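> Next come the chains, spelled out residue by residue.
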Amino acid sequence: RKEVEQDPGPFNVPEGATVAFNCTYSNSASQSFFWYRQDCRKEPKLLMSVYSSGNEDGRFTAQLNRASQYISLLIRDSKLSDSATYLCVVSNGGSQGNLIFGKGTKLSVKP
Amino acid sequence: NAGVMQNPRHLVRRRGQEARLRCSPMKGHSHVYWYRQLPEEGLKFMVYLQKENIIDESGMPKERFSAEFPKEGPSILRIQQVVRGDSAAYFCASSSIPAHRGTYNEQFFGPGTRLTVL
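Chains as they are written, first to last, in this note's numbering: chain A, 11 to 121; chain B, 110 to 227.
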């Protein structure tokens, strides 16, 4: 089983649509969770951290379910500029601190 | 405040040559991470360094790959005797202090070096 698994995508949606991405992780001891965004041929950029209580940042809502080892990202009222690949990322903490990335889900928002 | 700098942005090598990838962390950051992204794949952790120390190299291939972060100057990822399978985007990230259990320090990524092996 892969450490971090995501919906394979791609997701093709019209402007204004609501889209949800799902992600599962295999290590129950994982401590930190994130969604990153990666534009084509660019570096990943942190979109938002994911907290157990769930958190919202404008049109973006992230949820974490530790019992199910499941993370989600909801994008409301999608914009053309939301088109990118969304990466589910987990950190196991400790002295290493390295990030474990999912393969990403590609989102394409059409006019 | 300049972000993470990587150079070169694009590097072409023939099989058997050496590739040197450089990363300058953000100002004030002393922790550097290297990741590799193969085509159509997610980023994979390679190595975590502090100044003059390798902290975690669990993701580094056992042969041909090495990394350093000297007291002065950028971090270097060195690939000897490159093969076609080394073609990938290599991203460097930096953070200000290391992650400790239960906490996280954001890693800021550089623009990457795209290595093509002919």
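Treat the hints with caution; some may be incorrect.
To be verified - List time: in silico EDC-like cross-link candidates among lysine to aspartate or glutamate, alpha-carbon distance up to 20 Å: (1) B/K153 - A/E25; (2) B/K180 - B/E166; (3) A/K113 - A/D92; (4) B/K160 - B/E149; (5) A/K55 - B/E150; (6) A/K55 - B/E149; (7) A/K52 - B/E177; (8) A/K52 - B/E215; (9) A/K52 - B/D195; (10) A/K116 - B/E150; (11) A/K120 - A/E25; (12) B/K153 - A/D17; (13) A/K116 - B/E149; (14) A/K52 - A/D92; (15) B/K160 - B/E181; (16) A/K52 - B/E150.
Everything labelled a hint here was simulated from the structure, so no lab data went into it.
Quantities reported herein were computed from a predicted structural model and do not represent experimental measurements.
> Let me make sure I understand: some of the numbered hints might not hold for this structure. Which ones are they, in numerical order?
Hints 1, 4 and 7 are the ones this structure does not satisfy, whereas the remaining hints hold.
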